[in-house]
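Using the numbering used here, the first residue of the sequence shown is number 23, and each one after it goes up by one.
No lab work stands behind these hints: they were computed from the structure. One or more of the hints may lead you astray.
What the hints assert, rightly or not - As a list, the in silico PhoX-like pairs of lysine-lysine whose alpha-carbon atoms are at most 25 Å apart:
hint: 1; residue 1: 103; residue 2: 152
hint: 2; residue 1: 33; residue 2: 335
hint: 3; residue 1: 103; residue 2: 464
hint: 4; residue 1: 103; residue 2: 33
hint: 5; residue 1: 33; residue 2: 329
hint: 6; residue 1: 463; residue 2: 259
hint: 7; residue 1: 463; residue 2: 335
hint: 8; residue 1: 335; residue 2: 462
hint: 9; residue 1: 103; residue 2: 259
hint: 10; residue 1: 464; residue 2: 329
hint: 11; residue 1: 464; residue 2: 335
hint: 12; residue 1: 33; residue 2: 259
Unchecked claim - Cβ-Cβ distance ranges computed for the label pairs, FRET-style:
hint: 13; residue 1: 418; residue 2: 350; range: 24 to 34 Å
hint: 14; residue 1: 210; residue 2: 105; range: 31 to 41 Å
hint: 15; residue 1: 149; residue 2: 374; range: 23 to 33 Å
hint: 16; residue 1: 131; residue 2: 251; range: 24 to 34 Å
hint: 17; residue 1: 422; residue 2: 462; range: 43 to 53 Å
hint: 18; residue 1: 430; residue 2: 331; range: 50 to 60 Å
hint: 19; residue 1: 249; residue 2: 463; range: 35 to 45 Å
hint: 20; residue 1: 201; residue 2: 462; range: 53 to 63 Å
hint: 21; residue 1: 133; residue 2: 353; range: 27 to 37 Å
Predicted model only: the values in this text are computed from it and were never measured. We treat Cβ as the ideally placed atom computed from N, Cα and C, and that holds for glycine.
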Amino acid sequence: MQDLTKGNISKHIIAMAVPIAIGLFIQTLYFLVDLYFVGRLGSEAIAAVSSAGSVFFFVMALTQVLNIGCATLVSHAVGRKDHDEANHLCNQALALASWATLLFTVFGYLFADYFFSFMAADVTTQTLAKNYFYYFLPSLLMQFVFTALSAALRGTGVVKPVMTLSIIGVIANIILSPIMITGWGHGIELGVAGAGLASSVSMALSFVLLIRYFNRQEQYLRVDWLSFSLNIKTVRKILNIGLPSGGEFFLTFLYMSIIYWALSRVSAEAQAGFGLGSRIMQSLFLPVMAIAFAAPAIAGQNYAAGKIDRVYKTFTTTALLTCGLMALLMLLCLWVPSFFVSGFSESQQVILIAATFLSFVGVNFVPAGYVFAISGMFQALGNTWPALLSTFTRLSLFAISVIYLVYQDDFYIEQIWYCSIATVFIQAAVSHLLLKREFKKKLIRNDDNPLTQPSLTRES
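Hey, can you work out the whole structure from these sequences and the hints?
In structure tokens form, the structure reads like this:
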């Protein structure tokens, strides 16, 4: 357990963000490694893995409920020095994760066929997507328990063990992917199914090692592995904070699905180009996301401890770091977008579409960074509903615009990217206004909070 209510805030953010960034990068590498080797199988294979990978955002929506709900409440318990409550929250999150794993197992195998028949550009892509997904699904199922345990650790200020175990998993994936996809060393080429199987085996390795860590090394949190009973009051607390954040990822899943659906009207190469470009974009976002993910634990502990000045400082530092990094990434994507995507496909059309995508969406990187920083503050304050509202505003405007454009005779791909740019700027403005309201409500002196707080304008 790490006390984040003392010391330099910038150092705390960087110290937590670095291992989180490595962990996130490792998760993304699962997809990038798969895409690199799958790219040798053709455009349809890339489109299949990319569209099946979009289901990852649906799972992320579910795991994010546990991730944000558990991490935020555990950080508050740690800030109040309530050890028993922190342990109770950890075990309730684990019980929720176990039930979610069971439900998604049934859901995944029953409805995958319907989903990919709707999303794929052609029959070949549909078949390949299902082959990949069925072998990739076990890795998604393990995400529930893995995320719950990782979130509990992060709420206590501990992030390095998860990073280390994830590194081991991705190294295993890098080794297994070429062996299973192309048949290196044994001659049995599994294709896209091998990509999914490699991810599942490597995730299983990280999963087992994390359980071993809790059993042998973790001292602050104590896990009851056989407890599946749920405390309704505690579950409501976790869901109240986690559901809006999960809703954000679910809306991201819908956002990706709308784009894949729109591009299915064009070609499998268009889907492949977008899939490649979006994976690269997510990789570029990792340092920014790591900072945004580190901030809630720091701000959350200080908020629970009544140190409001440090909450404000956490936000301003986070916003400056996220927007500054995004500005650098924007310049790179506008200047040399092809640098990031060349080598992933032998199709020049796929590379062109991916590079064009990055050069367009790079314009919205800075407002996206600001949204990340604001979302972290909503988590720290224990109210993530405003973040869901801003994301819903963006998706609604985007969906209406794209669906309308797709049915026009003069529709072309770049119109989708224009809609994305405009709606991200709108989301940033909505998020800013909602955060100002939340700060005034929770951090400024009122009858329930006798602390004398500085004004939002002066501090942030």
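Right, here's what the structure says about each hint:
Taking the CA atoms of residue 103 and residue 152, the gap is near 48 Å; set against the 25 Å cutoff, the hint is violated. A C-alpha spacing of about 12 Å is found between residue 33 and residue 335, which places the hinted pair at or below 25 Å, so the restraint holds. For the given pair, residue 103 sits about 21 Å from residue 464 by alpha-carbon distance, which is consistent with the 25 Å threshold. The hinted pair formed by residue 103 and residue 33 meets the criterion: a straight-line CA distance of about 22 Å does not exceed 25 Å.
With a CA separation close to 17 Å, the supplied pair residue 33 and residue 329 stays within the 25 Å bound. Taken as a hint, the residue 463 and residue 259 pair is honoured in the structure, with Cα atoms around 20 Å apart against an allowance of 25 Å. Note on residue 463 and residue 335: the hinted pairing holds, with a Cα-Cα distance of about 18 Å set against a maximum of 25 Å. The hinted pair formed by residue 335 and residue 462 meets the criterion: a straight-line CA distance of about 15 Å does not exceed 25 Å.
A threshold of 25 Å between alpha carbons decides the hint, and for residue 103 with residue 259 the separation of about 19 Å falls inside it, so the pair holds. For the suggested pair residue 464 and residue 329, the alpha carbons sit about 13 Å apart, so the restraint of at most 25 Å is met. With a C-alpha separation of about 15 Å, the suggested pairing of residue 464 with residue 335 holds against the 25 Å cut-off. About 30 Å separates the Cα atoms of residue 33 and residue 259, which puts this hinted pair outside 25 Å; it is violated.
Range check, residue 418 to residue 350: Cβ separation about 31 Å, and the 24 to 34 Å hint holds. Range check, residue 210 to residue 105: about 52 Å between beta-carbon atoms, so the 31 to 41 Å window is missed. Here the CB-CB span from residue 149 to residue 374 is close to 26 Å, well matched to the stated 23 to 33 Å. Checked against the hint of 24 to 34 Å, the C-beta distance between residue 131 and residue 251 comes to roughly 27 Å, which is consistent with it.
Distance hint check for residue 422 and residue 462: the Cβ-Cβ separation is about 32 Å, which falls outside the suggested range of 43 to 53 Å. Between residue 430 and residue 331 the CB atoms are about 53 Å apart, so this pair conforms to the stated range of 50 to 60 Å. Roughly 36 Å separates the CB atoms of residue 249 and residue 463, a value that falls within the hinted 35 to 45 Å. For residue 201 and residue 462, the Cβ-Cβ distance of about 57 Å falls inside the hinted range of 53 to 63 Å, so the restraint holds.
Between residue 133 and residue 353 the beta carbons are some 42 Å apart, a value that contradicts the proposed interval 27 to 37 Å.
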